[in-house]
Each structure stands twice: as structure tokens, then as C-alpha cells.
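Chains as they are written, first to last, in the numbering used here: chain A, 1 to 298; chain B, 1 to 173.
Some clues are possibly wrong.
Claimed, not checked - Below, a list of computed lysine-lysine pairs in the BS3-like style, where the Cα atoms sit at most 27 Å apart:
1) B:Lys45 / A:Lys229
2) A:Lys189 / B:Lys160
3) A:Lys163 / B:Lys138
4) A:Lys163 / A:Lys174
5) B:Lys45 / A:Lys244
6) B:Lys24 / B:Lys2
7) B:Lys23 / B:Lys2
8) B:Lys160 / A:Lys150
9) A:Lys244 / B:Lys82
10) A:Lys265 / B:Lys160
11) B:Lys160 / A:Lys105
12) B:Lys138 / A:Lys150
13) A:Lys244 / B:Lys161
14) A:Lys244 / B:Lys24
15) B:Lys138 / A:Lys265
16) A:Lys150 / B:Lys161
17) A:Lys150 / A:Lys244
18) A:Lys150 / A:Lys91
19) A:Lys105 / B:Lys82
20) B:Lys67 / B:Lys161
Stated by the list, open to error - A few chain B residues that face chain A, going by a derived Cβ cut-off under 8 Å, partial list only:
21) Asp53
22) Ala56
23) Val57
24) Asp58
25) Lys59
26) Gly60
27) Phe61
28) Pro62
29) Ala63
30) Val65
31) Leu68
32) Leu73
33) Tyr76
34) Lys160
35) Val162
In short, the hints are calculated from the structure, not lab data. None of these values were measured; they are calculated from a predicted model. Even for Gly, the Cβ is constructed at its ideal location relative to N, Cα and C.
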Amino acid sequence: MKKILFLISTVLAGTFSFAQTATVSPSSFTAEDQITITFDLTNANFGAPGDDVYIWGFVPGCCGSPLNDQNGFGFGNSNPVAKCTRVGNSKIFTYTLTPTTYMQKTAAQIGAQFGCLAKNQNGSKQTQDFNFPVDPLTFTPSVFRPFPSKFTQDDVVTFYMDKNLLDASKVALKAATDVYVYTDIDYVKPDGTGGYFQVSQYCEPLNTGDGNFYTGMTTVADNAALKAKDFGNGLFGWTILPSKFFRIGDPASNKFPPAGSRITKIKVHFRTRLSPYCPGTVGDSGSLGDNFGFPITQ
Amino acid sequence: MKKIITTCLTAFIVLTLFTVSCKKISYSDVGESISLQKNLIGNWKLDSIIQVDQTAVDKGFPANVQKLNITSLFSYNTVSVKFTDGGTGNAGTFAFTNPGNAPLFVSPTGNFSFFDNGGSERLKLAGTSRTDSIDFAKAYRVSDNKLALRYNRAFFTGSKKVFVYYDFNFSRN
Numbered sequence: 001m002k003k004i005l006f007l008i009s010t011v012l013a014g015t016f017s018f019a020q021t022a023t024v025s026p027s028s029f030t031a032e033d034q035i036t037i038t039f040d041l042t043n044a045n046f047g048a049p050g051d052d053v054y055i056w057g058f059v060p061g062c063c064g065s066p067l068n069d070q071n072g073f074g075f076g077n078s079n080p081v082a083k084c085t086r087v088g089n090s091k092i093f094t095y096t097l098t099p100t101t102y103m104q105k106t107a108a109q110i111g112a113q114f115g116c117l118a119k120n121q122n123g124s125k126q127t128q129d130f131n132f133p134v135d136p137l138t139f140t141p142s143v144f145r146p147f148p149s150k151f152t153q154d155d156v157v158t159f160y161m162d163k164n165l166l167d168a169s170k171v172a173l174k175a176a177t178d179v180y181v182y183t184d185i186d187y188v189k190p191d192g193t194g195g196y197f198q199v200s201q202y203c204e205p206l207n208t209g210d211g212n213f214y215t216g217m218t219t220v221a222d223n224a225a226l227k228a229k230d231f232g233n234g235l236f237g238w239t240i241l242p243s244k245f246f247r248i249g250d251p252a253s254n255k256f257p258p259a260g261s262r263i264t265k266i267k268v269h270f271r272t273r274l275s276p277y278c279p280g281t282v283g284d285s286g287s288l289g290d291n292f293g294f295p296i297t298q
Numbered sequence: 001m002k003k004i005i006t007t008c009l010t011a012f013i014v015l016t017l018f019t020v021s022c023k024k025i026s027y028s029d030v031g032e033s034i035s036l037q038k039n040l041i042g043n044w045k046l047d048s049i050i051q052v053d054q055t056a057v058d059k060g061f062p063a064n065v066q067k068l069n070i071t072s073l074f075s076y077n078t079v080s081v082k083f084t085d086g087g088t089g090n091a092g093t094f095a096f097t098n099p100g101n102a103p104l105f106v107s108p109t110g111n112f113s114f115f116d117n118g119g120s121e122r123l124k125l126a127g128t129s130r131t132d133s134i135d136f137a138k139a140y141r142v143s144d145n146k147l148a149l150r151y152n153r154a155f156f157t158g159s160k161k162v163f164v165y166y167d168f169n170f171s172r173n
């Protein structure tokens with residue numbers, strides 16, 4: 001019996017290493033952050049100079065990295081790209097990765113944990129599993145936000161303003177129950193030259209020569225095309241399909257961007273109903289402008 | 001005596017097992033098969049269109065910033081489409097009716113055909129000026145009287161990853 005127990009413990013000692021450690025930097029990370037894992041194999045029975053060490057990474061309860069076992073590689077034959085870097089002549093090894101890239105999975109698919117172990121090339125020796133908690137990606141509410149976060153000029157885009165997050169100085173806008181916008185774009189014409197185009201509600205006739213397009217209202221009036229929708233709870237949104245709204249290629253006016261133009265920037269300025277430009281109206285001190293970024297061009 | 005009792009008991013057990021195991025097990029019907037091709041044909045009314053930010057989904061952001069029902073934001077409630085079988089069961093013509101000019105992203109009329117590029121069945125909508133590949137967001141039986149099509153927007157270069165998609169939910173007209 002004693003002989004059997006001794007044999008079993010010898011076999012186990014040869015297969016597994018004891019008292020190894022692994023740490024990760026930064027200690028708090030999301031699935032989209034680059035991290036460096038450090039394996040300390042000082043007390044392990046592998047990893048001596050000349051003995052390469054490899055990482056084997058996985059999502060606990062799910063799956064391993066494609067690097068582990070694709071293209072003919074596997075636990076018994078580690079992929080060279082999984083080779084860890086030795087620190088000096090020590091038995092300390094590092095490996096740097098970004099979980100989403102390393103696992104070829106999204107942050108949502110990776111979830112709350114990332115696991116790994118260190119092993120020798122042929123898998124005859126390995127450490128225990130090490131599991132590290134993964135922080136969720138945090139959605140941070142902001143005053144202005146486009147939906148979706150990435151869009152082309154041919155997508156439906158909703159530009160949001162959250163009144164609750166407006167600076168306290170925006171008294172008029174915070175109190176407004178009707179919210180409007182005016183908007184302008186930068187664009188590139190097919191010949192490569194730049195263009196600028198603004199659409200707004202103005203108290204001037206349509207045929208003004210200043211290059212902007214006015215919605216033709218000659219009095220302060222509501223314009224449905226420039227009115228934001230009340231989504232409730234202080235959230236207002238203005239929805240357009242940019243290429244259609246800014247009338248790219250529309251021959252009705254030479255003010256419109258020519259066909260084939262590519263929008264590079266959209267600005268949406270939320271405002272109260274009243275305009276400071278119309279005679280006899282109350283000035284609008286609550287109007288804000290915001291650059292909603294660049295449509296993605298395909 | 002012991003042998004006789006044992007033999008009888010064994011025979012009894014075997015007989016019981018035989019009787020029970022030979023009892024017919026009735027299974028419920030398999031039911032109507034799902035055929036994307038058969039279900040597609042007909043007149044459809046658009047009930048809703050849901051826009052999904054795939055980037056927000058991938059990041060695990062809250063549900064209310066992952067998707068938006070854009071049905072009421074344009075004249076989608078007047079949109080309908082007719083798919084006509086060309087005779088092969090796998091191809092034919094399509095025509096959208098869209099009096100309110102709501103954004104549909106695809107050609108308004110043209111030819112449709114089914115294809116698969118090694119994966120699930122997809123639908124090709126080919127018009128005079130553009131051709132689009134559409135996915136089936138859900139597989140319905142003909143008797144469900146529903147159709148769900150998905151239009152994807154992906155990066156044209158690089159990863160070609162979908163970053164936004166639109167789910168069109170139809171009911172039979």
C-alpha cells in the first residue's frame with residue numbers, strides 16, 4: 001500500500017507543478033484591454049533555461065483560444081505564437097494579449113472570467129488553472145449620443161440629447177418640452193474638394209445667397225423635420241437617414257451636396273423652439289452644438 | 001423447491017419485461033416542416049423594424065442602448081412586399097410597396113434567389129442598380145404566417161464585421 005501511494009504521488013509530481021503563481025497586469029481589466037500575464041515557475045519542475053513555456057488560454061466553462069489547437073497544434077504540441085517570454089535567466093515568464101483578440105470572441109461572449117495555464121511544449125508538464133475576473137465594459141451615459149454608435153450616411157441614425165445630463169446653466173433647454181435642432185455637415189465631393197452644408201429653421205426667405213439651406217419658414221414656426229422626438233424621461237432624439245436628409249445628389253438646388261458626396265462630419269445642435277434670429281422673439285440661451293462624429297464610409 | 005421458485009420468478013420477471021417493453025410508445029407528430037423557400041412566397045405587411053447596434057451587443061451594454069424600434073420613426077407601417085415564385089421554388093421576383101419612402105436599404109423591385117455560402121440559407125435581392133444579401137432572422141413555418149428578414153451593415157474592408165443590422169418583421173397580408 002505504501003509503495004502504491006509513493007508511486008501515485010511521484011507520478012502526480014511529475015505531471016503537475018506545485019506552488020506556481022500567475023499574476024495579471026493591470027489587475028483590473030476588461031475584455032478589450034491589453035493585459036500581461038506573468039507566470040512564476042520558480043518552484044515548478046519545468047521552465048528551466050532551454051525549456052520553453054507556453055500559455056494555454058480559455059474562457060472557463062466555454063472554450064479555448066483558437067491559438068491553442070488550430071492548424072495542427074494542440075495540448076501536446078503548442079503553437080509557437082503561444083510561447084511565453086522568459087524574464088532574464090529566471091523561471092518567470094510573461095505573455096501579453098487582449099482577451100477579445102486572443103479568444104476571437106466578443107466581450108459579451110467572454111463574460112466575467114478569463115483563464116489560462118502555463119505548460120511545456122509537449123504538454124507533459126503544466127501548472128494549475130489560473131482564472132482572472134474580467135470587468136464588464138461600462139456604458140457611460142452622456143448628454144449627447146448617436147444610435148447606433150457606428151453608422152454610414154445611408155443608415156438610420158438617431159441623435160440623442162439627455163436633458164437630465166445637461167449642464168445646469170442650460171436653463172431654457174432643460175425646461176423645454178419642445179426641442180428642435182439645426183444641423184450642418186462637412187462633406188467631400190466626388191472631385192475630392194470639401195463642402196459645407198447647413199440645414200436650419202430661419203426667419204429668412206428660402207432664396208438667400210449665403211450657401212445655407214433654410215427650411216423656408218418665414219416666421220418662427222414649428223418644423224416637423226427639425227423637431228426632436230420626446231422619448232421620455234428627459235431623452236430627446238432626432239432621427240434621420242443622413243444621405244437623404246441632406247439631399248445628396250438632389251438636383252432641386254445647387255446648395256445640396258452633389259451626387260457621390262461623402263459626409264465626413266455631422267453636427268446636431270439641440271435648441272429650444274424660439275430662435276434668436278427672428279425679430280421679436282426671446283433669445284435662445286440653451287442651444288448647444290455637438291459633433292456627433294464621423295459616419296463610417298464603406 | 002428453491003430451484004422451482006427461482007425459475008418461476010425468473011420467468012415471471014422476463015415475461016413482465018417483455019410485456020412492458022413491447023408496449024407501443026406513441027410519439028407526437030413531427031409537425032409541419034420548416035421551408036424558408038415555401039414560406040417566403042406571398043404578400044407581406046411590415047409590422048415592425050428593429051435596429052440593433054452590434055457593437056453595443058458585443059460589449060454587453062444595457063439592453064436599452066443595444067436596439068431601437070424605428071417603426072414609428074418613418075412610414076414603415078405602409079410598407080408591404082410581394083415575393084412571387086419563379087417556378088423553381090428557389091427564385092422569383094419581389095416588389096416592395098413603400099408609399100411613404102421609408103428607408104428600406106434594398107432595391108424596391110427585382111429578382112430574388114436563395115443561396116448559401118457554406119453557411120445558412122441566405123436571400124439575394126437583385127435590382128437594377130444594387131444587389132443585397134439578406135439573412136433570415138428567424139425560420140418560420142408557412143402556418144406561422146410570419147417572415148423575419150435581416151439586413152446587415154458590415155465594414156467593407158478589414159474584418160468585414162457587422163456593426164449594425166435591421167430586423168424586418170412581416171406578417172402575411
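Quiz item: Which of the numbered hints are not met once you compare them with the structure shown?
Solution: Going through the list in order, the structure violates hints 3, 6, 7, 14, 15, 18, 19, 29, 33, 34, 35 and respects the others.
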